[in-house]
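**Student:** Sequence:
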Amino acid sequence: MQQPPMSQILAWPVPNYIDPTETRGHGNVVLNIVLYSVLVFFMSLRVFTRVKLMRVFGADDIFILCAMIPTTAFFIISLVAHTRFLWIRHVYDIPVENVTTGLKMVLATEVMFAAACTLVKLSMLMLVRRMLSNASLFWRRITLLAIAIVILQGSVFCMTVLFQCRPPQDYWKITIDPQPNCINQGASLLVAGIVNTLTDFICVVLPIRTVWHLQLHTRQMLIVVTLFGLGFISCIAGCVRTYYMYMVLKTWDTTWASFPVWVSAAVELYVGIICASIPATKPFFTTYLPAIFGNLTTVSSSHATASARNGRGSHLTPRGTVMDAEMADLEKNKASRNISSLNSSAGDKHDLESIISAQSDYHSTHAHKHGGGIRVSQAVDQLSDSETSRLRR
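All residue numbers for the sequence shown refer to the UniProt record's numbering, where the first residue is 1 and numbers rise by one.
If you're looking for bench data, these hints aren't it; they were derived computationally from the structure.
Treat the hints with care, as some may be off.
[What the hints assert, rightly or not] Straight-line distance between alpha carbons at most 30 Å, and here's what the computed BS3-like set of lysine-lysine pairs gives: (1) LYS173 to LYS250; (2) LYS250 to LYS104; (3) LYS104 to LYS173.
[As the list claims (entries may be wrong)] Pair by pair, the computed Cβ-Cβ distance ranges are: (4) THR226 to LYS173: 46 to 54 Å; (5) GLY25 to ARG219: 41 to 49 Å; (6) THR226 to ILE176: 52 to 60 Å; (7) GLN8 to LYS104: 17 to 25 Å; (8) ARG166 to LYS250: 21 to 29 Å; (9) PRO290 to ARG166: 55 to 63 Å; (10) LEU65 to THR226: 21 to 29 Å; (11) LEU152 to LEU65: 17 to 25 Å.
The beta-carbon is built from N, C-alpha and C at its ideal position, and this holds for glycine as well.
Full structure from sequences and hints, please.
**Tutor:** Here is the structure:
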C-alpha cells in the first residue's frame, strides 16, 4: 500500500487513536451476524430436506455446501477487521500496525468472497443444468458455457488477488513510493467487480427463463419466479459494491471509503446463498407446515395431473418442484420394476388384480415413509392406468 503524499497527510486532522470523533459504527457487524444467522438457518433446512426428506443430494447441493467454508471465513474476518483492527475509522485514526494487519485481512476476504461467489453460482448453474436435462441442445450448451465462464472468472480473480504483488507480502507493506512490483489494484478489483455482477445476472436470469417456459399453474409460476427473482437483490448489491469500489479509487482514506464495499459484499454473498437455498426447502414446509404451505403442493400436483392427461407434461421443473419431480421419478422407476417383476411371475391378465393391489401397497408404504407431504401418486396412478389398459388388451 502506498502512503498518501505529505500534502494529504498534513490536510488531515490530528490522529486520534483512543477516541476518534467519527466512526462508521457497528452496523456492518450487526448486518453480518443477522444475515449469516438467516443463512445458516436456511442452509440447515436445505440439508435436512435433501438428506432426510428427499434422500437425494445433487451437485448443486454439494457446491453450495462447499461455499459455506469460504463464506464462514469471510464472516469471521469481517467481524475481526471491524472490531479488533478498527476498520470502521478514518485511515488517519488507525495505528499503523493495525493498517498492516487489516490489509492482510482485506486480501483474505477478497479471496474468500471470490471463492464463495463462484461456488454459489456453480450451484445455481448445476440446478439449471438438471432442469434442462431434456431441453434443446442449444440451451444445454448455453448452460455449459455459463459454467465454464464462472469457473474461469473465479479462478482468474482468485489468482489475480493472491499474486497482485510479487512477492505477495508487498501488498500489506506501506511504502512512500508506488510499488512497481504490484499491479493496479484498484483497476483489477473494479474489472473483477463488473464481471462478477454480470455473471450474477446470468445465474439469476437463466433459472427464471427456464421456469417461465414451463407448463405450470399461474400461482405456482409466480411463486417459483419470485423465489428465483429474489436473487436480483444480490445482483443489485453487486452493482452497489462495484460503484463504491470505484469511489475507493478516488480517495486516500481507503478504510473509510471501503466501508460500503464491506456492507454490499456481505449482502451480495449472504443473500445469494439464502435465495439459492429457499426454493430447496419447499418440501420441508409442505411436510411439516401443511396448513400453511400444503396448498402449494396440491396446486402443483393437480396441475401436473391435468397436464399429463392433456399430453402437455413438461420435462422441465423449477427448484420448487424439482424435489417433487425427483421423488416422482424415483417412485415411478421403483414401481415400474415392481410391475415388471410381478408381470414376469404372473404371465397373463388373470394377475391384474394382484398387480394393482401390490402396486397400491407399494405406494401407500412409500407415501407414509416420506411423511405424506410429498405427492407422488400421479406417477403411480398413471402407471396403474397404462398397465391396466395393456393387460386388458
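**Student:** So, for every hint listed, does it hold in this structure?
**Tutor:** Do the hints match the structure? See the list:
1. Among the hinted pairs, LYS173 with LYS250 is consistent with the structure: their alpha-carbon atoms are about 20 Å apart, no more than 30 Å.
2. Distance hint between LYS250 and LYS104 is fulfilled; the C-alpha atoms sit about 22 Å from each other, no more than 30 Å.
3. About 10 Å separates the Cα atoms of LYS104 and LYS173, which keeps this hinted pair within 30 Å; it holds.
4. Range check, THR226 to LYS173: about 49 Å between beta-carbon atoms, so the 46 to 54 Å window is met.
5. Range check, GLY25 to ARG219: about 43 Å between beta-carbon atoms, so the 41 to 49 Å window is met.
6. A beta carbon spacing of about 54 Å between THR226 and ILE176 agrees with the range 52 to 60 Å that was offered as a hint.
7. GLN8 and LYS104 have their C-beta atoms about 24 Å apart, which keeps the hinted 17 to 25 Å range intact.
8. Under the hint 21 to 29 Å, the C-beta atoms of ARG166 and LYS250, about 26 Å apart, fit the expected range.
9. Checked against the hint of 55 to 63 Å, the C-beta distance between PRO290 and ARG166 comes to roughly 60 Å, which is consistent with it.
10. Range check, LEU65 to THR226: Cβ separation about 25 Å, and the 21 to 29 Å hint holds.
11. For LEU152 and LEU65, the hinted distance range of 17 to 25 Å is satisfied, since their beta carbons lie about 23 Å from each other.
Taken one by one, the earlier hints all hold for this structure without exception.
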